[in-house]
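Can you build the whole structure from these sequences, using the hints too?
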Amino acid sequence: MRFKPLFAPLAAAVPVAVREIERADVVDRVLAPDAWTDVQVEAWLDWADAPSTPRPDLPLNGAVHDWAARLAAAGSEGGVFASTAEANRFENELTGAVLLGLAAVRDADTPAAIPLRLDLSEPEAERRLADQAAAWRRERLAGQAAEALAQALANVADAVARCEGDAAACADPASNPALTRAAHVARQCGAADADILRAIKGEGLSATAAPLADAPQAPLIVLAQPDTAAAGGPLALALAEAALEGPVSAVFTPADADAAADAAVAPRAAINLPALAAVFPQAFDSALDALTELLVTALDLTLDAHDPRAAARPIAIALGGLADWAVSQDAAEPALPAAALAAQVARCANAVSADLAARLGPCAEWETVKDEILAALAERGEPVEALRAHGRRHAAISLFADDAELTLRLGASPFAATDVWQTADGEVERRLRPALAAALTRAGADVEAAERHLFGRRTLAEAPGVSHARLRELGFTDLELEGIEHALSSVEDFAPAFAPPVLDEGFIGDVLGLSLAPGEALLPRLGFDEAAIRAAADYVFGRPDLSDWAEAPDALRPLLSRSGEAVEADLRHAIEPFSDGPDLRPVTLDWRADRLDVARALADAALDGRRAAVLRRAPPPADFRLRLPEIETPRRADQAPAPEAAPRTVERVVEKVIERDRTRRRLPDRRKGYIQKASVGGHKVYIHTGEYEDGELGEIFIDMHKEGAAFRSMMNNFAIAISIGLQYGVPLDEFVDAFVFTRFEPSGRVTGNDSIRSATSILDYVFRELGVSYLDRRELAQVTPEAANLDGMDGGPTEAPQPVPAARFISKGFARGAAPDNLIVAPFGRKEPSPRTTPQVQAGPCPECGDLMLTDRSGTPVCGSCGAAPKAHG
1 MRFKPLFAPL AAAVPVAVRE IERADVVDRV LAPDAWTDVQ VEAWLDWADA
51 PSTPRPDLPL NGAVHDWAAR LAAAGSEGGV FASTAEANRF ENELTGAVLL
101 GLAAVRDADT PAAIPLRLDL SEPEAERRLA DQAAAWRRER LAGQAAEALA
151 QALANVADAV ARCEGDAAAC ADPASNPALT RAAHVARQCG AADADILRAI
201 KGEGLSATAA PLADAPQAPL IVLAQPDTAA AGGPLALALA EAALEGPVSA
251 VFTPADADAA ADAAVAPRAA INLPALAAVF PQAFDSALDA LTELLVTALD
301 LTLDAHDPRA AARPIAIALG GLADWAVSQD AAEPALPAAA LAAQVARCAN
351 AVSADLAARL GPCAEWETVK DEILAALAER GEPVEALRAH GRRHAAISLF
401 ADDAELTLRL GASPFAATDV WQTADGEVER RLRPALAAAL TRAGADVEAA
451 ERHLFGRRTL AEAPGVSHAR LRELGFTDLE LEGIEHALSS VEDFAPAFAP
501 PVLDEGFIGD VLGLSLAPGE ALLPRLGFDE AAIRAAADYV FGRPDLSDWA
551 EAPDALRPLL SRSGEAVEAD LRHAIEPFSD GPDLRPVTLD WRADRLDVAR
601 ALADAALDGR RAAVLRRAPP PADFRLRLPE IETPRRADQA PAPEAAPRTV
651 ERVVEKVIER DRTRRRLPDR RKGYIQKASV GGHKVYIHTG EYEDGELGEI
701 FIDMHKEGAA FRSMMNNFAI AISIGLQYGV PLDEFVDAFV FTRFEPSGRV
751 TGNDSIRSAT SILDYVFREL GVSYLDRREL AQVTPEAANL DGMDGGPTEA
801 PQPVPAARFI SKGFARGAAP DNLIVAPFGR KEPSPRTTPQ VQAGPCPECG
851 DLMLTDRSGT PVCGSCGAAP KAHG
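Just so you know, the sequence shown maps onto residues 1 to 874 in the UniProt record's numbering.
It is worth saying that the hints were derived from the structure and are not from the lab.
Given the structure is predicted, the values throughout are model-derived calculations rather than measurements.
Where is the CB? At the ideal position from N, CA and C, for every residue including glycine.
Please note: incorrect hints may appear among the correct ones.
Stated by the list, open to error - Label pairs and their in silico Cβ distance ranges:
(1) GLU382 - ASP119: 28 to 38 Å
(2) ARG187 - GLU22: 40 to 50 Å
(3) ASP172 - ASP46: 41 to 51 Å
(4) ARG452 - TRP421: 15 to 25 Å
Here is the structure:
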């Protein structure tokens, strides 16, 4: 075995630079090739072991060099290399191939779940499948329940931690409504009351709230006869049921079942075919053979290092970027070059494995599998003399190794019309896939037109459906069109470009004559139908692929009309005959698929002659929610009423949760309201309110006289804060409950207000007034409107209330003459207080707050301001 200097000289000339890579807990500064993206560098740092002696002068601190040196040393000791010079060449070439971005290797010691095996011909197969499906379902549901329970207990602790006030009160559900709600939810999630108590105390939360162990599920490999899978009988349905719950691989021959089981624990490598073609455009075939020889040797040494007694010694070499490379070779029939490439890699890998077997001996299972392997190779026309003479070092050499880590290290991505690339300044942008761009160029197509089709033109100047000319007819001027054009360069749909702040609210309301609800789109309100908007969106923002590109060359239409996933599936099917292991990439079904859908897909795979079928159900959309009606408990007509129990006091926490839009609801430009003048403790206070059309309070102003500038400014800004809160949907009740009974000077007797006679502070007075006027909170008033005479003196009315002119309540200026002069407000539907329950007003100040009016309640004087009940002195 000889390794010629091919990759090492080129790697020595690769430009490198110091990169700053943000990790989870640190920012690493490492030397890395310029061509690698930040994602690639981070993936290699995740792979690399911390070197015993960091070498900042080498890429990745010398981690790749150390790894290659360890493999070369192991090969020298194990007799893989004939001389030290050969081992050194292997080390240098492997290091060079990695730094050139041509290959990546994953060791065999990576944790993996050992697959389970099942033969559908066994008598207990159906029961075992049902048991396995039940176990997976139980594990899934238990994981979801544990996650919900952990979150609920964390919310309990959070309700205590976020509480402001006395620690004992915060930890008491009777005093902390948020804790009560969180505890009820935790109990519904299955938490014991003792667990809730521990969460309140903060005990054991770190372990309880920790996520479950992310251990991979052991895959189940099921050997099924094609006829059984295609028949759709009970066994096929049981297999489909299991496939809905866990990782099931249905294979149709015993050899493929063995290879599938070995693939889960086999060391694997990946070749970056597009990069190899770019580095060796004229010597691709020889470079591919040399790279395959390096990787087979490296994988064999990895096996020796971690499991030298493995009987089968399986390895896998993935053909990374196969679709890009095949399309660049023959875009009309990419399966043809893909099959030829797979045959070349398999032939070279077999030759290297036979050479290793001649040096070290074949694997222990060679005698068991050699007849089948030799027959398959002879049928493909590959030479088998060396294998007959020496055997093969590896019982299975697969061309499939679906590994996310290898994909990241090579910077590969699934085949599609577009991909992303990192610019020189670190920005990530979309572009037309280079393989498709090269294919379009060879076919004589306009690449720039393809890019406009994919990424759009970002202008409405000549757009179909919604154009500048059509918008001008509706009242748009150059100012609005300029703002829209500027916004289209940075958005991905029309909604933000046709909404404030791009378009002024005054323009939308005054010029267009529209009032938009929060989140409502403007274009449909302007009369544009869905087809016109869709056509304009395709013109401005582009399309997801080139399937409907009118200028596509006829030779490329079959390729462009198919999804990238379908193209890759065809290429994998083309290379599968050259692989000892079957293709085990899952086929994703719709998330609503049931077991009948899975059984049909299994039957199709068996009838199509596939070697294996791996089916998965896609996860449901993250925003999916069932529309469930409210549950009403039915009451039976014959149900006897329960006997009355002894009265007992039950504390209940009742909360009505209303989902509110957080968009600010602005007041109309011309609004109604009232001004209340009063005096609190000798200090004049003016309250000015502003209302919405429906009468709901939307703003307040608080003006005071003969106060310091600082105090007046503070009250003005406080009123602005309350107004903004009201306009964003904070209920007035919340403000009233928060600020009544607050105590600070000025306070005392209130004059000029017919409902409020005393207040403990300015804020107490203001929110008493608002609560009485807007919320009908009569308990906050010391005098009801019915008990106040028009002359301002206290006492009950001497006669029935009379109609009052409406001019007393309606602003003539606001109505602008729309209200008739003879309009009156007639009192009706008003409950008259019972003479027995009419509160009696007593003279004398309250000893607690100084209120001068006390109310007689059942013979006891009670302060209407603070609720105190001073003791009577006999």
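Any of the earlier hints contradicted here, and which numbers?
-> The structure breaks none of the hints.
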